[in-house]
Amino acid sequence: MEWNLDKKIFSVVVDNATLNDSMVKYLKSWLVDKSLLPLGGELLHVRCSAHLLNLIVQDGLAEIGGLLSKIRGTVKYLKKSAYANQNFENAINQCKLKGKRKVGLDVQNRWNSTFTMLDTALPLREAFDRLDQMGKNYKYNPSQKEWEVVVIVVHSCLKHFYNATRHFSGTKFPIANVFFPDICSIQLQLMKWEQSEHDFFRHMAGPMKEKFEKYGEECSLVLTIAVVLDPRFKMDLVEYYYRQIHGHNAEKYIQRVHSTLVDLYMDYGGKFLPSLDLWNSESVEKSSSSNDALSDFDKWYFESHSSCLHANQKLELDQYLEEQKFPRKDNFDILEWWKANCPKFPILAKMARDILVVPTTTVASESAFSVGDRVIDETRAKLLPDVVKALVTTDDWIESKKKMNFFRKRRKGKSKQMKD
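Just so you know, we're using our numbering here: the sequence shown kicks off at 19 and counts up by one.
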């Protein structure tokens, strides 16, 4: 409270947990009572996009649980026996697959590790078949039909989610305007998979789409407004995707986005522009103190023109949407654009400042504090605490140096552009 944090909250990003839902509900009620949230807190609760994708994919993977058990069984079989591992190396050499990555066991509640496991297993399928012929105790080799399922699942399904998750979880300038196409592309893929000729694919798509519709809308509204505030797209990208996703009902969803944008704009207009009530009271006070004969005129002018003043605020949004879009370039810096155009669009610039920096995932912050990806291996976990500490801190130093070099190069690039 001492730092007025309650006056600086726009959105709260949390993963899917009942406790988080209760916390956000209480926080929203408390902030709305104090009139501290735009749109009555409609945009406060943003679900972590990476966790949402995890829930969706886990539902899909449950449909091929038997196949996954075989791949996991294979990895465990190779780790358990040095003899089996040597046979597998021989099989790899016989099939001329030397140099391919070895298959590692996945973490079952982290689907991206499951994707990596399947992706590395695919190029070695011939070696698995050869191992099946060489070892009597090996009973986990997938059938030819099951390998075909792996190919489809990896390349036609999981790869879309894997790329989107990597995009969401980026730690270098993850501005909110870039995620809308990812969410829409996934939704279009789910619709496509529902019509697939493969039965297992249709069975996977059903629960995945159901989970997406249950949670996806709550995080997509913020992402949608963020992409409208991208001068390269404005409302056009929303219309492009919504007409594909919603078909004949697209206009209703497009209008909802536009109405929300207008309402949010008006909220910011009243919050950040000089108060009309303040202007009126100051002018009346000035007239009264000087016994000005035009004090009645001041009252009349305020009452008759207040609606026009509010209407002028809306013109800024209309002007932005009607102006020609900025050329689409890969190195476009949206924050720099809004900084340069702040005098022209002061209210929209305030909106962009709050909306574009909303993180759509908690994964970036989790990775800063979690050592989950730094655990060496279950079979090599008997390291002394001092050794583990040294490994973790060394990794942090290396990553820190990489980040510093990245920022130095970025600053040099901007300085060079300014000189040119």
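Hints are computed from structural coordinates only; laboratory data are not their basis. Note that the Cβ used here is the ideal one computed from N, Cα and C, for glycine as well. Each hint should be verified, as a subset may be incorrect.
Calculated lysine-lysine pairs in the BS3-like style (CA-CA distance at most 25 Å, straight line) [said to hold, decoys possible]:
1) Lys368 - Lys347
2) Lys252 - Lys118
3) Lys88 - Lys52
Here are the computed distance ranges between Cβ atoms for each label pair [stated by the list, open to error]:
4) Met253 - Lys157: 55 to 61 Å
5) Leu353 - Val410: 31 to 37 Å
6) Asn127 - Thr411: 40 to 46 Å
7) His216 - Asp51: 39 to 45 Å
8) Asn127 - Ile416: 45 to 51 Å
9) Pro225 - Arg250: 31 to 37 Å
10) Glu164 - Leu339: 33 to 39 Å
11) Lys154 - Ile416: 41 to 47 Å
Each hint tested on the structure:
1. Between the alpha carbons of Lys368 and Lys347 the distance comes to roughly 24 Å, so the proposed pair stays at or under 25 Å and holds.
2. For the proposed pair Lys252 and Lys118, the alpha carbon gap of about 45 Å is over 25 Å, so the pair is violated.
3. In summary, the hint linking Lys88 to Lys52 is not supported, as the alpha carbons are separated by about 56 Å, beyond the 25 Å threshold.
4. Taking 55 to 61 Å as the suggested C-beta distance range, the pair Met253 and Lys157 conforms, at roughly 57 Å.
5. For Leu353 and Val410, the Cβ-Cβ distance of about 33 Å falls inside the hinted range of 31 to 37 Å, so the restraint holds.
6. For the pair Asn127 and Thr411, the beta carbons lie near 27 Å from each other, so the given range of 40 to 46 Å is not met.
7. A beta carbon spacing of about 52 Å between His216 and Asp51 contradicts the range 39 to 45 Å that was offered as a hint.
8. In this structure the supplied range 45 to 51 Å is violated for Asn127 paired with Ile416, their Cβ-Cβ distance being about 28 Å.
9. Take Pro225 and Arg250: their Cβ atoms lie about 35 Å apart, and the range 31 to 37 Å holds.
10. Restraint check, Glu164 to Leu339: a C-beta distance of roughly 52 Å breaks the suggested window 33 to 39 Å.
11. Evaluation of the 41 to 47 Å hint for Lys154 and Ile416 yields a pass: the beta carbon distance comes to about 46 Å.
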